[in-house]
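Number of protein chains: 2
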Amino acid sequence: MDMTEPTKPRTDPRILRTRQLLKDALIDLLQEMDIEKISVNKIAEKATINRVTFYLHYRDIPDMLEKMADDMIEEIQEVIEQSQDAKRSIEDADSHRFISLLEHIAANSKFYKVVLGTKRTPIFTERLLKMLTGSVAARMELMGADSSISKAGIQKDIAIWYGSSALIGTIVSWIRNDMPYSPTYLARQFTLLRTHQFLDQPAKGK
Amino acid sequence: MDMTEPTKPRTDPRILRTRQLLKDALIDLLQEMDIEKISVNKIAEKATINRVTFYLHYRDIPDMLEKMADDMIEEIQEVIEQSQDAKRSIEDADSHRFISLLEHIAANSKFYKVVLGTKRTPIFTERLLKMLTGSVAARMELMGADSSISKAGIQKDIAIWYGSSALIGTIVSWIRNDMPYSPTYLARQFTLLRTHQFLDQPAKGK
DNA sequence: TTAATTATCTTACACGTTGTAAATTAAGTC
DNA sequence: GACTTAATTTACAACGTGTAAGATAATTAA
Numbered sequence: 001m002d003m004t005e006p007t008k009p010r011t012d013p014r015i016l017r018t019r020q021l022l023k024d025a026l027i028d029l030l031q032e033m034d035i036e037k038i039s040v041n042k043i044a045e046k047a048t049i050n051r052v053t054f055y056l057h058y059r060d061i062p063d064m065l066e067k068m069a070d071d072m073i074e075e076i077q078e079v080i081e082q083s084q085d086a087k088r089s090i091e092d093a094d095s096h097r098f099i100s101l102l103e104h105i106a107a108n109s110k111f112y113k114v115v116l117g118t119k120r121t122p123i124f125t126e127r128l129l130k131m132l133t134g135s136v137a138a139r140m141e142l143m144g145a146d147s148s149i150s151k152a153g154i155q156k157d158i159a160i161w162y163g164s165s166a167l168i169g170t171i172v173s174w175i176r177n178d179m180p181y182s183p184t185y186l187a188r189q190f191t192l193l194r195t196h197q198f199l200d201q202p203a204k205g206k
Numbered sequence: 001m002d003m004t005e006p007t008k009p010r011t012d013p014r015i016l017r018t019r020q021l022l023k024d025a026l027i028d029l030l031q032e033m034d035i036e037k038i039s040v041n042k043i044a045e046k047a048t049i050n051r052v053t054f055y056l057h058y059r060d061i062p063d064m065l066e067k068m069a070d071d072m073i074e075e076i077q078e079v080i081e082q083s084q085d086a087k088r089s090i091e092d093a094d095s096h097r098f099i100s101l102l103e104h105i106a107a108n109s110k111f112y113k114v115v116l117g118t119k120r121t122p123i124f125t126e127r128l129l130k131m132l133t134g135s136v137a138a139r140m141e142l143m144g145a146d147s148s149i150s151k152a153g154i155q156k157d158i159a160i161w162y163g164s165s166a167l168i169g170t171i172v173s174w175i176r177n178d179m180p181y182s183p184t185y186l187a188r189q190f191t192l193l194r195t196h197q198f199l200d201q202p203a204k205g206k
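Top to bottom, those sequences are chains A and B.
Under the UniProt record's numbering, think of the first position of the first sequence as 1, with each following residue one higher.
Under the UniProt record's numbering, think of the first position of the second sequence as 1, with each following residue one higher.
The reader is advised that the hints may include incorrect statements.
[What the hints assert, rightly or not] Over the 10 Å line for every Cβ pair with chain B, so calculated as not near, a few chain A residues:
| hint | residue |
| --- | --- |
| 1 | R17 |
| 2 | E32 |
| 3 | T184 |
[What the hints assert, rightly or not] On the chain B side, residues computed to face chain A include the following (Cβ under 7 Å):
| hint | residue |
| --- | --- |
| 4 | P62 |
| 5 | V136 |
| 6 | W161 |
| 7 | A166 |
[Unchecked claim] SDA-like cross-link-like pairs, simulated, lysine to any residue; straight-line CA separation at most 20 Å:
| hint | chain 1 | residue 1 | chain 2 | residue 2 |
| --- | --- | --- | --- | --- |
| 8 | A | K37 | A | I73 |
| 9 | B | K113 | A | D157 |
| 10 | A | K130 | B | Q20 |
In case anyone wonders, no lab produced these hints; they're calculated from the structure.
Because the structure is a prediction, the values reported are computed rather than measured.
All residues carry an ideal CB built from backbone N, CA and C; glycine is no exception.
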């Protein structure tokens, strides 16, 4: 009986090495300059890789960014799945997934500060937003039709726009401000905002 | 006594014409293709303007986008200021500013669908977020320290991250989905979300 | 270890883009 | 109608892109 994983073609170490060098070089360059100023030439040079070799792996720079975004999403999915086990209640799972995500970002802050913390590479924010929108939508399904949201006559899709935007925006702002709060603290604050938020009328008076 | 406005040098109509042609051309091109594929050549060609003339007005394409973003913010400020007069109460002003903004976006939907509705030109979203962050921060100041936010022990800066992200994200999602709700309706929904949002615990169970 | 396979390197080329210069033509201003 | 300024035309050097063909080096399988 074959016990080996079928999804392991075992890639040539040279390929892994080259791609890693290229990715690191691109992140470095994105830290230094705007994306319009980055050329395949510069990436290859910084990676100490021949320029022609770049084209053996990626069609062009946007293609490379797209593949890096794919990798990012894949990693995040893994991190979140691993944090799922042995959770006491379902309402806690949400918060713990959030904390795991923030911890993962903090552990790879150099990367995330560049790809999510700057406006240079919108594809990463785009992808993450798409993913989080799915989570928020699923959460709303869980909450069901008897929630105060439905009762208040709020359109589900608008609530999803609102909730997922607040989520990714809070994360991005946290990154841009150099992560001044711990993942646990930010998660707690986020939960508070979701429940207690803006219950007041603004102050009256001329 | 000089009654003329000092801030009116009265620009040459040729300049205005050329710039308008260039801007229209760029918006058209952004509708058709990704920004990396757009060259000064293509812009000039579509604008029926000589390529060299482009450089008499803008340093390069990013510079042009930056100036267009400046113009956008300026226009939005004007629109919002004009909606300020004759408002009954302060709490309504907020909502009316929001409606005016949405109406302005709907009236220029071709432009906004390209610059805010796609991920191609992050500088426009960036600028608008910055502006809205200011509004949200001012609103929180108005609400004061006795609000339920402060009482709940929520950091003011995090509340601003959350609120401004939800705001711009809702607008962008609305644009991306081809503005399926009227400005007034969306504003009402937004207000509901800000007050009633997510008061439930998620559904329990296995 | 040798022989195979495969990734990377080297050199080269055609083509498009960029930004600038100088002289000319056209449009707007007084 | 003379003056001023914007736009055009043509030209050029530098750079970036994407691809090709053959040589070299690293990896893997026998």
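Hint by hint, here is what the structure shows:
1. R17: holds, 27 Å
2. E32: For E32 (chain A), whose nearest Cβ neighbour in chain B is about 16 Å away, the distance exceeds 10 Å, so it holds.
3. T184: Non-interface label on T184 (chain A) holds, nearest chain B Cβ at 13 Å vs cutoff 10 Å.
4. P62: Since chain A brings a Cβ to about 6 Å from P62 (chain B), closer than 7 Å, the hint holds.
5. V136: violated, 10 Å
6. W161: Where the cut-off is 7 Å and the nearest Cβ of chain A is about 4 Å from W161 (chain B), the hint holds.
7. A166: Holds. Min distance 4 Å.
8. A:K37 with A:I73: Not OK: K37 (chain A) and I73 (chain A) at ~26 Å, beyond 20 Å, violated.
9. B:K113 with A:D157: Holds, at about 19 Å.
10. A:K130 with B:Q20: violated, 35 Å
The earlier numbered hints that this structure contradicts are 5, 8, 10.
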